[in-house]
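Chain U: place on chain W using the hints.
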Amino acid sequence: MEAYRQEIIVGAIVVYMLFCIATGLWAMRRTHNSSDFFIAGRHLGPIVVALALFSSTLSGFGFVGGPGLVYSIGVSSFWMVVISSTGYALGFFLVAKRIRMIAELRDCISLPDVVEARYDSKLVRLLMAITIVLGVMGYLATQILAMAVVMQAILSGTETFADIGLVTCVVLSSAVLIFYCVTGGIIASVYTDVVQGAIMMIAGTLILVTAMSVFDGGMQEATSVILENDAEAIMPYGAAGIMASLGWFFVFGLGLAGQPHLITKMMMNRDMRDNRSILPMSLFGYVMAALLWISIGIVMRAAVIDGVVPPLDQPDDAASVFLSVFANPLLAGVVFAGLFAAIMSTSDAFLNIGTAAIIHDIPRAVRGQSVRNELFWARVVTVLLAIVAASFALYSHFRDATLVAILGAFGWGTFAASIFPVVAIGLNWRGATVAGAVTAIVAALLINFVSQLAGIVFPYGISGQLVAFAASMVLFIGVSLVTSPPKLPRDIDALMDI
Amino acid sequence: MASRLIYAILIVAVLMAGLLLAIGLAEPVADAGGMAHPDFPGMQLGGDGAARLEHIGALGFLFQCLLLIQIVLLSMLGVSERYYSGEFYAYMGGSLLFMLIVAWQMYSGHQAYLDSGETGYFLGFPTATAWQMYGTWLGAIPLILVYSLGFSRFIYSDEDEARFKQLLQDKAAAESTAESTPDELEQ
Chain W
12 MEAYRQEIIV
22 GAIVVYMLFC
32 IATGLWAMRR
42 THNSSDFFIA
52 GRHLGPIVVA
62 LALFSSTLSG
72 FGFVGGPGLV
82 YSIGVSSFWM
92 VVISSTGYAL
102 GFFLVAKRIR
112 MIAELRDCIS
122 LPDVVEARYD
132 SKLVRLLMAI
142 TIVLGVMGYL
152 ATQILAMAVV
162 MQAILSGTET
172 FADIGLVTCV
182 VLSSAVLIFY
192 CVTGGIIASV
202 YTDVVQGAIM
212 MIAGTLILVT
222 AMSVFDGGMQ
232 EATSVILEND
242 AEAIMPYGAA
252 GIMASLGWFF
262 VFGLGLAGQP
272 HLITKMMMNR
282 DMRDNRSILP
292 MSLFGYVMAA
302 LLWISIGIVM
312 RAAVIDGVVP
322 PLDQPDDAAS
332 VFLSVFANPL
342 LAGVVFAGLF
352 AAIMSTSDAF
362 LNIGTAAIIH
372 DIPRAVRGQS
382 VRNELFWARV
392 VTVLLAIVAA
402 SFALYSHFRD
412 ATLVAILGAF
422 GWGTFAASIF
432 PVVAIGLNWR
442 GATVAGAVTA
452 IVAALLINFV
462 SQLAGIVFPY
472 GISGQLVAFA
482 ASMVLFIGVS
492 LVTSPPKLPR
502 DIDALMDI
Chain U
2 MASRLIYAIL
12 IVAVLMAGLL
22 LAIGLAEPVA
32 DAGGMAHPDF
42 PGMQLGGDGA
52 ARLEHIGALG
62 FLFQCLLLIQ
72 IVLLSMLGVS
82 ERYYSGEFYA
92 YMGGSLLFML
102 IVAWQMYSGH
112 QAYLDSGETG
122 YFLGFPTATA
132 WQMYGTWLGA
142 IPLILVYSLG
152 FSRFIYSDED
162 EARFKQLLQD
172 KAAAESTAES
182 TPDELEQ
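Protein sequence lines correspond, in order, to chains W and U. Per the working numbering, the first sequence starts with residue 12, numbered consecutively. Per the working numbering, the second sequence starts with residue 2, numbered consecutively.
Treat each hint with caution, since some may be false.
DSSO-like cross-link-like pairs, simulated, lysine-lysine; straight-line CA separation at most 27 Å [unchecked claim]:
1. W:K498 with U:K166
2. W:K133 with U:K172
3. W:K133 with W:K498
4. U:K172 with W:K498
Partner residues are not named here, just some residues of chain U that face chain W (Cβ under 8 Å, in silico) [unchecked claim]:
5. S81
6. Y85
7. M93
8. L97
9. L98
Derived by calculation from the structure, the hints in this document are not laboratory data. The beta-carbon is built from N, C-alpha and C at its ideal position, and this holds for glycine as well.
Isolated chain W (complex conformation) (with noise of 0.2 Å):
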């Protein structure tokens, strides 16, 4: 088997790739309108919503960024991953029941649109929309990228693709990403949600039993091995210090509830009641499925100390190398179809809400109506959208990296800092202002820009996602009790009673 290994590992990827272009393709016959497409029409089971919830979180990131994290700066890197059950919990306390009924009484199918009905300002709801496009290339272009470098090295590895290009490699996995996003919009990007956390929770698990067999005395003994190396690295607050890891304690924990790709899933489900078993669903999910990044991680920092594997030559080769020496070639097939599902899953979601922004929600804001034919521009713009950060992605590669580095700036921080009190806190205080709104998310976009363009360094590894988030919290809050309180629309009051 081992002598295959390659092969295998390839046809699990086909075989993964075929299944989303078959799932785009049944999802076609049953996306009749721009509902459908946006939002499923509100049609979903818990199951479906809870899979596609946790699988649109753990991105490529998680597989290859995660345990990259935790090779290189020990523990401060668990911070990410063990505040995902508090994330959830404010998540669903403060979103959940609120946004899917303000969808339903006004017909919402985006973030923005509830954004609107909330603050009753197109103002809100165009800075709402702007974040939204520039975070969403951001995002997609550093997921089109990875995708494309994920697959430029397996492919590489067989005789018959042993010289493909990268630009071959983005224009095969855009492909299909964009094949069955534009035929089946958001319902086939749910449905291979369900496939995608499946495989990912599956992975997950495996992983972690692989990993503890590296060392005889399991994980204690790779534990002990990095205590001896250096103590800090695998004490609770890792390399990178207290602040670092409390930072990301704050944007990941409560910056969960402001990430549009994951807060407009609840937007969803077909029972309000629901919530009550897709929180606890969606967080097992996400726990098995980051066991990957935990037990890689350790392991490897382990093994590369104790000599069992040389040097890595970067930090994200952690995952690629553990799964070369130490995994099964079965499993590998099943991780590495398991990264291409954490990649698409974000993906899709980030080109659905992109869209939305684009043919919904600016053209609402600007001239008070969306386009006509929302449905036939949705699918054209899918497909612009995600051609544009591919361009992104190749021009970062070969001409300039930082423009993919500025724009993935408008990553999770930037949406947690901007959208996190407009929305959450908006959702559930009937004295958010308008004034508010648009201060919190100025001064987060700015924050975050200047701090990134500038280069600041914060002491004791604060960062400018934390001050960012911090700040905005504070303006928000503020500036709404020193603005004349907003007179709500009478279906918006009496909804925030319930």
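Just chain U now, with coordinates in the frame of chain W:
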């Protein structure tokens, strides 16, 4: 209560921002955010843990405690104030207490290791790290139980459902009236 709760959330947010400022202005420690490993490229070392926490350790722990308090306050903001009762406060208070105990066990465990240089292990990790990993992960379970098991009592009761259905019916009636009015005028 919700109107007063927002003041509590603001106060905690301001205190956290103040702590960030205080930490930023604290006496700097070299390589507090890690340093490059001399032997393995891409790997970072934490170095002297006691030195890194000397000026900001207590402030950092206080920041963590305030964050946990903020999480519980924000969770309460998501519950209609009609359901604020002694029982609800007890559940939320208990959830907070549980999270604070986990945080203290982690912080004090780390301090104990820095003092003695010795640690026990639990499920593969040094004790303090086990509190951080398993404890933090499980720390939100009480909140999740309050949400899932208390869903019909605190989040979305039968009364809530009836009120929401009424809102939908009012909306449908208003739309129906708006559609029929032009025809009626013509007749």
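Here's how the hints hold up against the structure:
1. Between K498 (chain W) and K166 (chain U), the direct Cα distance comes to roughly 23 Å. Compliance with the 27 Å bound is thereby established for this hinted pair.
2. For the given pair, K133 (chain W) sits about 22 Å from K172 (chain U) by alpha-carbon distance, which is consistent with the 27 Å threshold.
3. With a C-alpha separation of about 16 Å, the suggested pairing of K133 (chain W) with K498 (chain W) holds against the 27 Å cut-off.
4. Straight-line distance between C-alpha atoms of K172 (chain U) and K498 (chain W) comes to about 19 Å, which keeps the hinted pair within the 27 Å bound.
5. Interface restraint check: S81 (chain U) against chain W, minimum CB-CB distance 6 Å, threshold 8 Å, status holds.
6. With its C-beta approaching chain W no nearer than about 13 Å, Y85 (chain U) sits outside the 8 Å limit, and its interface hint is violated.
7. For M93 (chain U), the shortest C-beta to C-beta distance to chain W is roughly 10 Å, which exceeds 8 Å, and the interface hint is violated.
8. Interface restraint check: L97 (chain U) against chain W, minimum CB-CB distance 11 Å, threshold 8 Å, status violated.
9. The beta carbon of L98 (chain U) comes no nearer than 15 Å to any beta carbon in chain W, farther than 8 Å, and the hint placing it at the interface is violated.
When the structure is compared with the earlier hints, violations turn up for hints 6, 7, 8 and 9 and for no others.
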